[in-house]
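> This is what each chain is made of:
Protein chains: 2
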Amino acid sequence: MTRIAIDGMGGDSAPQVIVDGVVQAANLFDYEMMLVGDETRLKRELNNYKVTGGRIFVHHASEVVSMGESPVQAVKRKKDSSVNVCTELLKRKEVDAVVTAGNTGAAVASSMLNLGLLPGIKRPGIAIAYPSAHGISLAIDVGANVDPTAEHLLHYAIMAEIYSRFVLKKRNPSIGLLNIGEEEGKGTEVTKEAHKLLRESNLNFVGNVEGRDFFTGKCDCIVTDGFVGNVVLKIIEGVVDVVGTLFKREIDKNPIAKFGALLCKPALDAIQRDTNYEEAGGAPLLGINGVVIISHGGSTAMAIRNAIRLAATSAELKVNDQIVNEIQQREKEPKN
Amino acid sequence: MTRIAIDGMGGDSAPQVIVDGVVQAANLFDYEMMLVGDETRLKRELNNYKVTGGRIFVHHASEVVSMGESPVQAVKRKKDSSVNVCTELLKRKEVDAVVTAGNTGAAVASSMLNLGLLPGIKRPGIAIAYPSAHGISLAIDVGANVDPTAEHLLHYAIMAEIYSRFVLKKRNPSIGLLNIGEEEGKGTEVTKEAHKLLRESNLNFVGNVEGRDFFTGKCDCIVTDGFVGNVVLKIIEGVVDVVGTLFKREIDKNPIAKFGALLCKPALDAIQRDTNYEEAGGAPLLGINGVVIISHGGSTAMAIRNAIRLAATSAELKVNDQIVNEIQQREKEPKN
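Protein chains in written order, with the working numbering: chain A, 1 to 336; chain B, 1 to 336.
Isolated chain A, as found in the complex (with noise of 0.2 Å):
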């Protein structure tokens, strides 16, 4: 049976909402999970609920890491914390994946450091699922790596399409670079040179796409380094609460157009639903020897529960050993 390890302390409800997520997940899917973090807290949010089966263990940790603190400081200083000892156990192979919704940085520091890089790869990535106007797109990277190489954004790409293929079940998913302009010539010294590498690579690569291209669905892997794709991320999250907050503030000054928003509400809430991030759960941290999804510091247990469903599958379908194959094949290929 699948065993996936959850941070039980990260999060900004957490323990309570991400107890509830793994309450959820244990009586729909059929793994088994392991809840790390303070014993004796998560035991007295877990008496909350009645789960169906034995599936949840809790494992202690003694220490937690906070949203504000300083990543890699944190991860040195607390070998005992909640998503230290998620990474441990899955580096000890007691559980096949992690979940966290905690301290993003710590989350990618503690995988570097207790799990380490696939061969062959040099920086993580991390890989958001979104909606656009054509299914589900992939942006990588959204904020682990703020100053990639151009090879870095190379294996991004080559880690996304593999990720879109396996988990996403697209049919030779498409590569775009993240860029400010369609021609060639655009960017930077490393927008300029990932786009060499990619147009050399044998990938199905459609060149530079730009920041409107996240909703158009032109490609299905937009790739980009760590500091634009966590800018452009939050920028998406803040658009939705924007037009929400606009639109409220111009029907409560005309009752007409209240009572007709009242008859739009059932399109209102489909589009909700189409674009809501909870649907994915979290973002695989690709590139880590070994299965690490992260989740949304402000994450719901529905979020969660689905979280623990993609680690559970990124696990299954042996993600990893696909991408290590790939990047292995590659290097034994002559270049064109």
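Just so you know, the hints here were simulated from the structure itself, not pulled from any lab data.
Computed from a predicted model, the values in this text were never measured in an experiment.
Every residue, glycine too, gets a C-beta built ideally from N, C-alpha and C.
Keep in mind that the hints are not guaranteed to be accurate.
[Claimed, not checked] Only some residues are given here: those of chain B computed to face chain A with a beta carbon under 10 Å:
#1 GLY229
#2 VAL231
#3 ILE235
#4 PHE247
#5 ALA261
[Unchecked claim] With a straight-line cut-off of 25 Å between C-alpha atoms, the simulated BS3-like cross-links for lysine-lysine are:
#6 B:LYS318 / B:LYS196
#7 B:LYS265 / A:LYS258
#8 B:LYS186 / A:LYS79
Take the given structure of chain A and dock chain B to it, following the hints.
Quick look at chain B alone, frame taken from chain A:
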């Protein structure tokens, strides 16, 4: 009388839309306008309109830089291109400001070549005004400089502060540095260094801001590099379209919602009006020794008309003199 040169051949629908905008401006404002480009085509377009007064002049330029051309090469090769002739007219003080909706890179390159930089400034930056939850905010740079140093970012902050004070009429405008977290140690080497410079300046610096703060209006000016700024700009443009498309798709499925949407229309129109880039009309290229306003390639006539007004206002308020004074004063002051 304030004189504005307008690149008649720049933009996706030039010269038609440009001429339309210039005619609108001539009928509304008390400026003299020099329409630069192919004399025959421009005069033929002008014949379609009735213009009160005699305030539109045509200045011939035999070449055009197209939207896809490599900017620096195009400017060097096409000395008699409409954008180049505009900046030459400004250099010779035959006009007070320039408006172009053509190739942005060519506008920047031509401005650098013919006008140069303000004393003390090392790189130009494009500043764009956009609507946030608390009125108009300003973002700089959105595409002139993809690899800025920390000092360039400090200069962007100083120029944005002055522009916000004098043109946007903000009192003590606040500055935020776009980053991937609010904590001081976040980001790239350049953003960390820029954070330090901004903290040590006597600007009203609120610290790091994140993607979502483009909408929250947490600060009056957001400083970022031209790569991130350009991606963000194009995402924000794309978002309005995608929300509209999703909404239309959903209400088409449901006749009651469709009727509701009709009742909501005044509210939706108000949102569109409040978030309409046409109101601003164009973005100043700050740091250049002359007033150059860059408009969107897809500008409507109304956007061009407003860009002309913005160009005239910037020239009349002597924004550049204020920037030079501020930079010189800072160089004299002892560092705190």
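> Could you run down the list of hints and mark each one as holding or not?
We went through each hint and held it up to the structure:
Annotation: interface hint on GLY229 (chain B) holds; nearest CB of chain A at approximately 9 Å, less than 10 Å. With 10 Å as the threshold, the beta carbon of VAL231 (chain B) comes within range of chain A, its nearest partner Cβ sitting at about 4 Å, so the hint holds. Using the Cβ-Cβ criterion of 10 Å, the hint placing ILE235 (chain B) at the interface with chain A is satisfied: the shortest such distance is roughly 4 Å. Look at PHE247 (chain B): its Cβ gets to within about 7 Å of chain A, closer than 10 Å, so that hint holds up.
For ALA261 (chain B), the suggested interface contact is upheld, since its CB lies about 5 Å from the closest CB of chain A, less than 10 Å. Distance check on the hinted pair: LYS318 (chain B) and LYS196 (chain B) sit about 30 Å apart at the alpha-carbon level, beyond 25 Å; violated. About 11 Å separates the Cα atoms of LYS265 (chain B) and LYS258 (chain A), which keeps this hinted pair within 25 Å; it holds. As the CA atoms of LYS186 (chain B) and LYS79 (chain A) are separated by approximately 23 Å, the hinted pair is consistent with the 25 Å bound.
In summary, the one numbered hint that this structure violates is 6.
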